[in-house]
Amino acid sequence: MSKPADLVQGTLDLLLLKIVALEPLHAWAISQRLKQVSGEVLHVSDGSLYPALHKLEQEGWIKAEWKVTENGRRAKFYSLTRSGRQALERESANWERLAGAIFQVVRLSEA
Amino acid sequence: MLETRWLRRATLRLRTLFHRERVEQELEEEFQFHLERRIELEIARGLCPARARLAALRAMDGMEQRKEECRDMRRVNYIDDLLRDLRYAGRNLRRSPGFTTLAILIMALGISGTTAVFSLVNQILLHPPGVSEPQRIVVVRTRYDKLNLNFDGASPPALADARANKEIFEYAAAMRPIGFNYADGSVPARLRGAAVSAAWFDVFGARPALGRVFTADEDQPNANRVVVMAYDAWLRLFGGNPGVVGRTIELNQQPYQVIGVMGRDFHQAGAVDVWTPLALPPRAFSPQNRFNENLSVVARMQPGISFAQADAWLRWNADHVAAAAPANLRSMILDARWGMGATAFTDSSAGKTKTPILILLGAVGLVLLIACANIAGLMLARTSTRAQELAVRAALGAGRRRLLRQILSEGLLLAAAGGAAGLVLAQGSMKLLLRLAPESAVVGLEARLDIFVLLFATSATLAAGLLFGLAPAWQSSRIDPAHTLKGGVTIHGARQRSRSVLVVAEAALALVLLVTAALFLRSFARLQALNPGFEPRGVVTAAYTLPPGYANPEKQLAFARNVLEHLQSAKSVIAASIGRPIPFSNDNEGGAFRIEGRSLAGGEAIPQGDRRWVTPDYLRTLGIRLERGRFFGDSDRAGAQPVVVIDEKLARRYWPDEDPLGKRIQPTSGEGWHTIVGIIGHVVHSDLAHDTGRGAIYFSLYQHPAPMGSILVKTPLVKASSVKTSGDVAAVAAIRDAVRAADPDLPPYDIKPMEALLANSLAPRRFAMRVLGLFAAAALLLAALGFYGVLTCAVTERTREIGIRIALGAERGAVMWLVVGQGLRLAAAGVAIGIGAAALFGRLIESQLFEVRPFDPLTIAAMAGALMAAALVASWLPARRAMRADPAVTLRYE
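So the protein lines, in turn, are chains G and X. If you use this note's numbering, the first sequence corresponds to residues -18 to 92, in order. If you use this note's numbering, the second sequence corresponds to residues 1294 to 2187, in order.
Please note that a few of the clues may not be correct.
To be verified - Calculated lysine to any residue pairs in the SDA-like style (CA-CA distance at most 25 Å, straight line): (1) G:44 / G:83; (2) G:57 / X:2063; (3) G:44 / X:1864; (4) G:16 / X:2045; (5) G:57 / X:1446; (6) G:57 / X:1605; (7) G:57 / X:1311; (8) G:48 / G:73; (9) X:1439 / X:1884; (10) G:48 / X:2053; (11) G:16 / X:1864; (12) X:1645 / X:2063; (13) G:-1 / X:1605; (14) G:48 / G:87; (15) X:1645 / X:1311; (16) G:57 / X:1364; (17) G:48 / X:1884; (18) G:44 / X:1356; (19) G:57 / X:1884; (20) X:2045 / X:1909; (21) G:57 / X:1304; (22) G:48 / X:1605; (23) G:44 / X:1605; (24) G:57 / X:2045; (25) X:1864 / X:2063; (26) X:1439 / X:1605; (27) G:57 / X:1909.
Calculated directly from the structure, the hints in this document are not laboratory data. Since this is a predicted model, take the numbers as computed values, not measurements.
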């Protein structure tokens, strides 16, 4: 229900971890960054972003801090924890293996 | 690493739990921040502020739901929600006190019944009071398969073997019952004793309340005479005076020193007043005594040793003994198929009560299930009236699972309240059960809640709560808010259907209980109508045991004759005699015998018969039929020709084609040849339902005097029951007078009407029958309540339809049939399923039935009829309401 239909199950976690790994960001910025770097291909609805972030925080993979933005507003910034980095590495490796496998299958020539 | 992560999670959760407001506020702020950014973005794209806000909210896709999802992600929500759900449920239940009271009452009855029966199971089968770790205690068993003998008992050499094997057994000890005449006050008293070896109390882990128990040195022949008193006997005889320890008392005219008082909880099948050392002499352990299994032997297994291991070792040891025996003995052992084994202590001590109480536990479980179905039905009825409220909650963002939890927590709260009330009632139900239960099975048991019973009650309550919460929870989670909020249609087909399913289940379970109770009742009636082969009415019995001063048989004979002479001259005594052992006294004696002129073919079992020693008037006192020949006379005394009388069963078994009169037999115990002079009717000796099937040999007590026996006195029967008891009183007085005249220091004991002995033998069955009757009645009542509930609800929901039908000219009778017909259809479905279930349950109770088949068509038909009648009555009230419906009112109603 909270997962966008066009994202493979579990990939949202990976994307969020990766984005937060680059620099601490607040949720709104994360959603914008996601759209931006994926060339508008990956779109996560505003609503489904928050439960996912709260889940990652509960897992202990990201941590939240209240900081002031460049516009002088208070916002909740998420950053990666050490166990989050390990999770990211694990998930990325999984993803690469999976993607590689799918790629191989798709490229099978119909001889 | 991992720890820090757990720590972080834990702090997060605690924060969510305890700084709820702050966390909530932060959640709000985070969403607000997002919303503002999105609105800015939309305005920048050219929307007006109002539309931009709308668009931002739409992008959020249900902001409240999203927040709830975030809360869900912080898992402590479960605890938080649970508390909130419980508070909410509490408020809700308070708002409908009628429903709540009824549900709690039903639940309380179910839990109190279940708890009471379980407490009995716990105290009898799982944790007998006063015994530590009962599962580690075994009773040594002996069997002679060829003779169809299998009993708890063992010989002194077997005791020595068990004692020597320290790998299997920590302690092993033996006991032999012994009676004492205690003369301290003016009236002589009879004490029930147990002669035990020193480790007896260690086997049971029983500690004395005062003083000490025997040492190994005191468990030797000719050692100091010492005695440990049972707590109850100490209270009774010495008023609980602690100074009794160290004092000397006189038992069987011998001085014994009291060295201790046993702990209050340690009862031994309730029948011990004093323990004395068994003090087996060394010769008792000689190999010749191997097959003299006259001891009760118990052993405590070493920690970690299983029952199967102990059993296997005992079997192995018996085989080992057989293999090592001399050739002639070995062939006898193999012929008789002698062997040993173990019985679990609790099985042995529960004895015949085990199966009945397990059946009762099953039955009360069924009652609890019916109660659950009943409450589930009530809750379903409520959810249909609460559909609006639930729909509002769903629309406001409560997820399906939240709603489910909400209803479930209502069920749990009801269950908890009912369970608590049930525990309060349980005390009373336990007392009732103990009063109904056979005395021999529940001596020393108390109506108290211990930790096991509490644990059981709690788990039963939780399970019940989940059970009756599930159906309505599932129903309510299927509510479609859009549909219901629009004013909804009030025909709840699915809900009505699941309520019907519940009622059908209740009816089926109730039928199982009704049939079971009826089968027990019929078995009991059959047993009571059974002719035991003698006439118990008007007969009073009393036992006596002569002290060592009567070692000479002449004196024993003189005592017996003296007592009988006194009794015969007493007025209102029709007949008096002495017998040993008498029917239904839990005492029996049997033995092998040879028949003159016959030799055993190879492998043929040696003839066996029960043995009785009686005086000439025994037949007349008990009204036993004389078939042929004669019974004993005064002249059948020592010095005269040795004679016996046999019963028809023995005659048919060993002389099927010839006349046994005049034939001679010789007991293998060495009493010489006896001529058979008469044949009498067979007497059931101890169990109406399972007669031993063995015939009996009667000896003349005057020919073979003994230092103990039972006096039997027959007084005339008077019609009115009150006068009849006074007849008993006269008989008791006559017995006391006669015994006092023969020996003023001798206490007659176990003074009981013969009818009471017979009734006691049926006590476990009577108990099971009465309690099952109670359960069946409760089940029937609950099922009727269920029918009433579901039909009342149906009538309410169909008020409009009924109104229209009446307005269109439907006959009142047709309207009534609409309701009653529904009730009967449901009952019929329940009966159909219940017959199948009763057939299955019947197999479990088969062993407890007597001359009634577990699938008895007549019983089932009668009980099905009773159930249908109850359903009819229960549907009559709602049907009457439907019939009286005024179309003018009902059609205006909505």
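Now for the hints, and whether the structure bears them out:
no.: 1; hint: G:44 / G:83; result: violated, 33 Å
no.: 2; hint: G:57 / X:2063; result: violated, 71 Å
no.: 3; hint: G:44 / X:1864; result: violated, 103 Å
no.: 4; hint: G:16 / X:2045; result: violated, 97 Å
no.: 5; hint: G:57 / X:1446; result: violated, 80 Å
no.: 6; hint: G:57 / X:1605; result: violated, 71 Å
no.: 7; hint: G:57 / X:1311; result: holds, 20 Å
no.: 8; hint: G:48 / G:73; result: violated, 29 Å
no.: 9; hint: X:1439 / X:1884; result: holds, 14 Å
no.: 10; hint: G:48 / X:2053; result: violated, 85 Å
no.: 11; hint: G:16 / X:1864; result: violated, 116 Å
no.: 12; hint: X:1645 / X:2063; result: holds, 17 Å
no.: 13; hint: G:-1 / X:1605; result: violated, 66 Å
no.: 14; hint: G:48 / G:87; result: violated, 46 Å
no.: 15; hint: X:1645 / X:1311; result: violated, 58 Å
no.: 16; hint: G:57 / X:1364; result: holds, 16 Å
no.: 17; hint: G:48 / X:1884; result: violated, 99 Å
no.: 18; hint: G:44 / X:1356; result: holds, 23 Å
no.: 19; hint: G:57 / X:1884; result: violated, 95 Å
no.: 20; hint: X:2045 / X:1909; result: holds, 22 Å
no.: 21; hint: G:57 / X:1304; result: holds, 18 Å
no.: 22; hint: G:48 / X:1605; result: violated, 75 Å
no.: 23; hint: G:44 / X:1605; result: violated, 63 Å
no.: 24; hint: G:57 / X:2045; result: violated, 89 Å
no.: 25; hint: X:1864 / X:2063; result: violated, 40 Å
no.: 26; hint: X:1439 / X:1605; result: holds, 21 Å
no.: 27; hint: G:57 / X:1909; result: violated, 107 Å
Checked against the numbered hints above, the structure breaks hints 1, 2, 3, 4, 5, 6, 8, 10, 11, 13, 14, 15, 17, 19, 22, 23, 24, 25 and 27 and satisfies the rest.
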